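Student: Given these sequences and hints, build the entire structure.
2 protein chains.
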Amino acid sequence: MRALFVALFCLPLYIQAQTNQDSITIKKMVDEVMTNGKAYDLLRELTKKIGGRLAGSPQQQNAAIWGKRNLALFSPDNVYLQPCKTPNWQRGGKDFASIVGIGGVATNQPLAALALGNSLSSNGLVEADIVAVANFDELEKRKDEIKGKIVYYHSVFNPTKVQTFQAYGEMGVYRSTGASRAAKYGAVGVMIHSLSTAPDNEPHTGGMKYDEAYPKIPAVALGPNDAKALYELTKKNTVRGQIQTYGFFLPDADENNVVAELKGTQFPDQIITIGGHLDSWDVNEGAHDDGAGIVQTMEILRTMKALNYQPKHTIRFVLFANEENGMRGGNKYADLAKENKEQHIFALESDAGGFTPRAFGITCSADQLKKFQSWNKFLKPYGTEVAAGGGGADIGPLAKVNPSIVLSGLVPDSQRYFDLHHATTDVFENVNKRELLLGAANMAAIIYLVDQYGVNP
Amino acid sequence: MRALFVALFCLPLYIQAQTNQDSITIKKMVDEVMTNGKAYDLLRELTKKIGGRLAGSPQQQNAAIWGKRNLALFSPDNVYLQPCKTPNWQRGGKDFASIVGIGGVATNQPLAALALGNSLSSNGLVEADIVAVANFDELEKRKDEIKGKIVYYHSVFNPTKVQTFQAYGEMGVYRSTGASRAAKYGAVGVMIHSLSTAPDNEPHTGGMKYDEAYPKIPAVALGPNDAKALYELTKKNTVRGQIQTYGFFLPDADENNVVAELKGTQFPDQIITIGGHLDSWDVNEGAHDDGAGIVQTMEILRTMKALNYQPKHTIRFVLFANEENGMRGGNKYADLAKENKEQHIFALESDAGGFTPRAFGITCSADQLKKFQSWNKFLKPYGTEVAAGGGGADIGPLAKVNPSIVLSGLVPDSQRYFDLHHATTDVFENVNKRELLLGAANMAAIIYLVDQYGVNP
Chain W
26 MRALFVALFC LPLYIQAQTN QDSITIKKMV DEVMTNGKAY DLLRELTKKI GGRLAGSPQQ
86 QNAAIWGKRN LALFSPDNVY LQPCKTPNWQ RGGKDFASIV GIGGVATNQP LAALALGNSL
146 SSNGLVEADI VAVANFDELE KRKDEIKGKI VYYHSVFNPT KVQTFQAYGE MGVYRSTGAS
206 RAAKYGAVGV MIHSLSTAPD NEPHTGGMKY DEAYPKIPAV ALGPNDAKAL YELTKKNTVR
266 GQIQTYGFFL PDADENNVVA ELKGTQFPDQ IITIGGHLDS WDVNEGAHDD GAGIVQTMEI
326 LRTMKALNYQ PKHTIRFVLF ANEENGMRGG NKYADLAKEN KEQHIFALES DAGGFTPRAF
386 GITCSADQLK KFQSWNKFLK PYGTEVAAGG GGADIGPLAK VNPSIVLSGL VPDSQRYFDL
446 HHATTDVFEN VNKRELLLGA ANMAAIIYLV DQYGVNP
Chain Z
26 MRALFVALFC LPLYIQAQTN QDSITIKKMV DEVMTNGKAY DLLRELTKKI GGRLAGSPQQ
86 QNAAIWGKRN LALFSPDNVY LQPCKTPNWQ RGGKDFASIV GIGGVATNQP LAALALGNSL
146 SSNGLVEADI VAVANFDELE KRKDEIKGKI VYYHSVFNPT KVQTFQAYGE MGVYRSTGAS
206 RAAKYGAVGV MIHSLSTAPD NEPHTGGMKY DEAYPKIPAV ALGPNDAKAL YELTKKNTVR
266 GQIQTYGFFL PDADENNVVA ELKGTQFPDQ IITIGGHLDS WDVNEGAHDD GAGIVQTMEI
326 LRTMKALNYQ PKHTIRFVLF ANEENGMRGG NKYADLAKEN KEQHIFALES DAGGFTPRAF
386 GITCSADQLK KFQSWNKFLK PYGTEVAAGG GGADIGPLAK VNPSIVLSGL VPDSQRYFDL
446 HHATTDVFEN VNKRELLLGA ANMAAIIYLV DQYGVNP
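Keeping their order, the protein sequence lines are chains W and Z.
Using the working numbering, the first residue of the first sequence is number 26, and each one after it goes up by one.
Using the working numbering, the first residue of the second sequence is number 26, and each one after it goes up by one.
Read the hints as simulated data drawn from the structure, not as lab findings.
Heads up, a few of these hints could be off.
To be verified - Each pair of labels, with its calculated beta carbon distance range:
1. Z:D102 <-> W:D392: 50 to 60 Å
2. W:N455 <-> Z:R94: 30 to 40 Å
3. Z:R167 <-> W:Q477: 38 to 48 Å
4. Z:T44 <-> W:A254: 39 to 49 Å
5. W:G197 <-> Z:P406: 20 to 30 Å
6. Z:S48 <-> W:Q335: 45 to 55 Å
7. Z:D66 <-> W:V130: 26 to 36 Å
8. Z:E410 <-> W:L150: 51 to 61 Å
What the hints assert, rightly or not - Computed list of chain W residues with no C-beta within reach of chain Z, every gap over 10 Å:
9. K168
10. D294
11. N356
12. K366
13. E367
14. A413
Given the structure is predicted, the values throughout are model-derived calculations rather than measurements.
Note that CB positions come from ideal geometry on N, CA and C, so glycine has one too.
Tutor: If you want it as structure tokens, here you go:
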């Protein structure tokens, strides 16, 4: 009878009290981030003192040392480097592209261009007529025209996709595979329209991969204005172009993931991972991609220590070594997790820019999703909610270790990301302090909830 | 029996078909804005060719002519100017503030400063010790110390307010009334911490109003960094400061609201108004405040004409003449509405910046709100939803004409607005094309729904 009384009357009261307590703790965390947050100052250091930090570069090695030192200042239970080999791609020179003939008339119109990451040197100047195609379908239809030519892909984002990552998803394949698909038919070089939303002429680099079956031809991304003008020209004229690039690989480099840890008080063997990637492309400061995710990760550790929060589960704060052109950091972290028989229950990555947070995309079972969605009441006051589907490149390999791990990605507002993603414009000045901090604040909130209540219904 | 059959079976089908048709039409409108939108190009013209356009300035007169000409290019049924008198405040010179003594020791530390709009000249250099107060409560407690002094208000935003307009709402009163509240106790000048979220030193101007009962003392806003440093200094030292400002009024000026109209096919006498304000402060380009609202308003007209949309209600596209320091444009529009016995059912203003749209704040009855909220399914795919409470300064006076008018304001993401609001940094370069267009697209969607279904349940 007493048990029934407790169940009927006290449990709801207990749940209500707990809900209030959760709201209070989350507000404390958010307020701490928004009031005393160090993420913005850390980002200034990372971007302005270290700068661009492609895997393999001394900057990336310095960034890991910087990360370890600064994480240590926040007094985690443990902080260490996790060595891993990374690719060591070198741009090698100042990439060049131009139009040198229009309808048989010689001209000289330099094009804003950046070689795609992992692409190889043109070995001198490549000059050929340009075959411009709207997409792979057109390439296939015109495959007999390709031999000896430079192929241009008009990989323009669909502006009606409200979520810009959808447009990026559609066009990314031209950057990653366009060179080999053209080389298959004898092309001698490839140009793409930069994967950009910006109304400007900044070229955007980014990773590509050769198919070993075909010649490794040079590949560049053109500034959007130049690309559009080129495409128009090719509709009525034979256009002749040049490409010169210098890419090559040095032997794999010694880099490091940086890992800080707060030991769990109740479930020390169950691990929650928060992270971003420390590497960036060589041409910019990697402020949004992914300096933002790095300093947000560090900020959550700072906030938990500032509030003397003692997690139930072990929480890892991970600065991954190499996302952009190899994914070696994330794979190393997962390999070690497997080797050490670690039990990973949840991982959260921030790698979509330091913009106003809108949601957490979560990959989990339907029942787990319901549980996560029941937390929307705690998240909505700070601008986020739970959405189905999401994760991150660096945490993805953990699913090979534990297929039932719950993976999540912070989903910031996406309108500005592809204006500067992989372009020289991804610099500190284009990060807004409040937007950056609000992302960290929401991440702290969901990590707190996972730590308190786990991931299972 | 047949009637019952129709009611039971056909009505739901009709409603479903209509819902699908609405979704399709709204998507067409959104796609038209995102694909062919001219708002960004118009904003470039307004900000770069005309620039800052305080009411009374020749720039504001030119802006009205520019607005009328460009609206006419989109072929509305009617476009006209609506003359109105506006205040004609002149900054008059280069505002100056400095610290000239710390603890009795002479120094010379210029402070980044802008006179508040509508404030009057200091009539030469004002020099006095500074009494720094956290708020009006402290001012009242220390009222006996104020005579002959310069009062500094530490009007810093509360960073934990996720919606920055809430923090602005709390601190706005120091800008608008701080001078007279200090003059009441004999102060000779006033400084405030700029109403800013930016981690920089840009001073932010903005409207103030003197209480006629007290001397009209000079009032400046300080750059945030300088303001915080000054506040710290005053905690341990007597700090002596200087102010020199030059503000004055010329006789009221002849300005114009600009009105374009699409005549309603079914309810021509029922008017829907969309608008923003054409004036800005003198120190910047007024890109977000409120160039954005102006070009979004123009964009909706362009889109409706491009899609050959024939509204049921009469839709007015209004570029209001004077919001910043007088509200004369909005009042004139409402006065004429009353004089002409116009029937206004709905008005929507965009005056919170050209950032990613998040919601429409709507002031209406509970039953009407339910109706608006039933449209969330149409809005959410594009990022907005309906929230209770909202409107705009220029459309507010319409409530005096029709107390049951439904008023609405576009609610964009607010994190960056007060970084640049009324500061020199509110320039075209700080507006993102996609964010701006997405605001116009969502506005077009809700206007379509109001036009199709009215505002009543």
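Student: Against each hint, give a clear statement of whether it holds in the structure.
Tutor: Structure-based check of each hint:
no.	hint	in the structure
1	Z:D102 <-> W:D392: 50 to 60 Å	holds, 57 Å
2	W:N455 <-> Z:R94: 30 to 40 Å	holds, 34 Å
3	Z:R167 <-> W:Q477: 38 to 48 Å	holds, 46 Å
4	Z:T44 <-> W:A254: 39 to 49 Å	holds, 43 Å
5	W:G197 <-> Z:P406: 20 to 30 Å	holds, 23 Å
6	Z:S48 <-> W:Q335: 45 to 55 Å	holds, 50 Å
7	Z:D66 <-> W:V130: 26 to 36 Å	holds, 31 Å
8	Z:E410 <-> W:L150: 51 to 61 Å	holds, 55 Å
9	K168	holds, 30 Å
10	D294	holds, 36 Å
11	N356	holds, 34 Å
12	K366	holds, 41 Å
13	E367	holds, 36 Å
14	A413	holds, 15 Å
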